[in-house]
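Engineer: Make a model of the complete structure from these sequences and hints.
Residue numbers (the numbering used here), protein chains in the order written: chain B, -9 to 306; chain L, 177 to 628.
In case anyone wonders, no lab produced these hints; they're calculated from the structure.
One or more of the hints may lead you astray.
Said to hold, decoys possible - Below, in silico cross-link-like pairs of lysine-lysine (BS3-like), each with a Cα-Cα straight-line distance of 25 angstroms or less:
(1) B:214 / L:576
(2) L:542 / B:90
(3) L:576 / B:278
(4) B:194 / L:576
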Amino acid sequence: MDRRQFISGLGYGLLSLGLAGCGLNLSEKSGTAQNNKNTANNQVAASAASSYDRGKLIIAEGTDPNSLIEKGFAALGGIGALVRSGSSVVVKPNFSVARKPEEAATTNPQLLAALVKQCLAAGAKEVKVIDYPFQSPAVCLTNSGIKDAVEAVGGKAYAINTQSFYTQVDINGKILKNALFSKDVLNADVFINFPILKHHSITKLTLGMKNMMGLVWDRGYFHKTDLIQGIAELAAFRKPQLTIVDATRGIIDNGPTGPGTIREWNQVIFGVDPVAVDTYAATLFGVKPEEIAYITAAAQLGVGEMDLRKLTVVKV
Amino acid sequence: MNFKKVSWLRHLLQFISLLSFVILLVSISYPPGAENQVLQWFSRLDPWMLLSQLRWHQEFPSWAWLPLLTLAATVMWGRIFCGWLCPFGALLALTDKIGRTVLKKLLPTKTKIVYALKPMRNYWFLILVVIFILGSNWVFFLTPFALFSHEIVKILQGDIPWMLWGILTGTLLFSRLWCSVVCPTGVLLSLTARLRLFRYEITGKCVQCKKCTRICTVGSAPVNTGVAQDGCLACGDCQRICPTKAIKWQRSSYLDKNSQPVSADDVATTKRRESRRRFFKVAFAVTMAGILWKKTVWAAEKVLRPPGALPEPDFTAVCNRCGRCVQVCPGKALRPMPITDGLANFETPHIIPRQNRCDLCLSCQKVCPTGAIAEVPLEKIQMGQAVIDRPRCLAWNDGKMCYICGEQCPVLAIVADGQHRPVVLADKCVGCGSCENACPVDGEAAIRVFPN
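Structural biologist: Here it is as structure tokens:
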């Protein structure tokens, strides 16, 4: 039983018994919850961690956003294994800059919409699409096309740009002892990281683990101390149940803000292991994964596997 | 004529005007859309808008027919714009109504004060015109669309709209003194209204009851002169209250007597002749004051202006401080300057990049009604220049892998040298302040934008 499942079970247990605030017999209440009508929800976390094979990477190829997402989940074993009826889903794309979809510096809004649709079809109670953009929320949400696309299919898209969206968490790293981390992610049943594959001026590439920085209030701290170690420790703190990399197209220079030269790969990468996903994406980009310092650092912290030979890569 | 119907129609128009103005202004947001267009056209009814365009842009705008329409209507019927359409006028009319109901005892004093101060408006107008010609837009700042708009924006920003409170209090005590004496649009239209073709005149038997004098909100009742004076808002209150039904809305009588249009205010005309000497003295004083004022205020420290802003001092001169740019700015980067930064800068928009960066969305250009923030494309924007303070920079001084300024620069004006140290490309930097805003150094940033 992992921490998230424990908290979720505890929450439902307390709720169902009407004993909010009572701290006694936690494990029993968690157990009780398994037997009530919320059983399905409590199994979400367990299945999220185990339903998809950690050692597997799914590469969906093509250009149609809906079919890319559908193919990917089908190959993973179906979205139903991850998103159960009534669960709340948080998706973290990259809309950190005020660029238009065609400028290829933000996650493709059509892919996001396809994902939101799938989650809702699988019975998700709500799908929140969040990021902490560099620029003002209105400009980033509008220009990236993400607000319109996500809201059109019934999701919510917003920027977590005030401190009230964050809560203090213990990270217990060398650099990050603690941090203000996104409440939305902490409270979610399912957390999907959905970065875009693009150039980054200082870390060479921005990928799944780098994308997680958008869930922390004080990013300046990373830059002030040790950016690479900070990213790795953050990756170790909270792993998404699934990372999907939008590698349909991205800028290959002038990142992360752009505008830059756009390259098309027409791929979407799905995987549970954040290190493995980033390793594959870096290779696709044409960079040796060892050159991306945060991938190496995260692998050293035991976040995931860097050796692609130990993974099953399935192309669909 | 059916008084009730006319009065009802006037109140309805005023209500719609007030409500729609407030709603339009509040709904301005990124990206600006139809609400902005409607508001632009609405505020172009003000003839000062045209004068300002002619003064600073030396071109006849395509929408010139709107202010000309207002002027034409004024030549026909007097200040119907002020009395029937002006949203701020509507608010003040409402306030005045409350003042008259609540503070009944003040009524005689109020009437005396309005009549006593009314002649002042000509001198005031002269001051405004002199300053306007010399190159400041204080006139414009006081026009209803600008003033009301920036006070609403102040409320929305959570600041105290002290000018609005002041004017409202003044209106409670002294009726529509603002509309008749202070408002530049009101005074300009008063002057135009001297030529008007239709007006209220006493045609029947006046019993000198002075009821019309007391009910007139702008001190223009026809009792002493036989005709409603040029400040008349054509509201019809005097006609309605007259016990002998002596007041009629009709073709101005001077048109019958004499084909040459002469001033309606014969009394005022003689007065003016007498005071010609005084007039010139005032003009001289105002000119001197204007010149001196010009010297002092533009010595103020430079600030970062919105993208596309005209170079100083034209910017402060053309800007009417309506606050729409402050309202639309999605990153809340544009803030009005406080009065402590000098009269010329007061309420003009500026950016403090350490607090909020400009996202270069250029919405402020779209909402600016005056052209003070010109429609300059992104490639040609020159707000300022970023300069790195190397001894304080984490990358230059501590060898940290920082480069957050370069990461966030939206125009690729910062490049990294071999050791990830940021270098500013002066020809590419537009001065948006993204770098200064993002710099993780405590206190003052290690990269700062200096206004151009």
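Engineer: Each hint should be assessed against the structure and marked as holding or not.
Structural biologist: Going through the hints against the structure:
At roughly 7 angstroms between alpha-carbon atoms, residue 214 (chain B) and residue 576 (chain L) fall within 25 angstroms of each other, so this suggested pair holds. Annotation: proposed proximity of residue 542 (chain L) to residue 90 (chain B) holds, straight-line Cα distance about 19 angstroms (limit 25 angstroms). At most 25 angstroms may separate the alpha-carbon atoms for a hinted pair to count; residue 576 (chain L) and residue 278 (chain B) meet this at roughly 23 angstroms. A hinted pair counts as satisfied when its Cα atoms are at most 25 angstroms apart, and residue 194 (chain B) with residue 576 (chain L) qualifies at roughly 16 angstroms.
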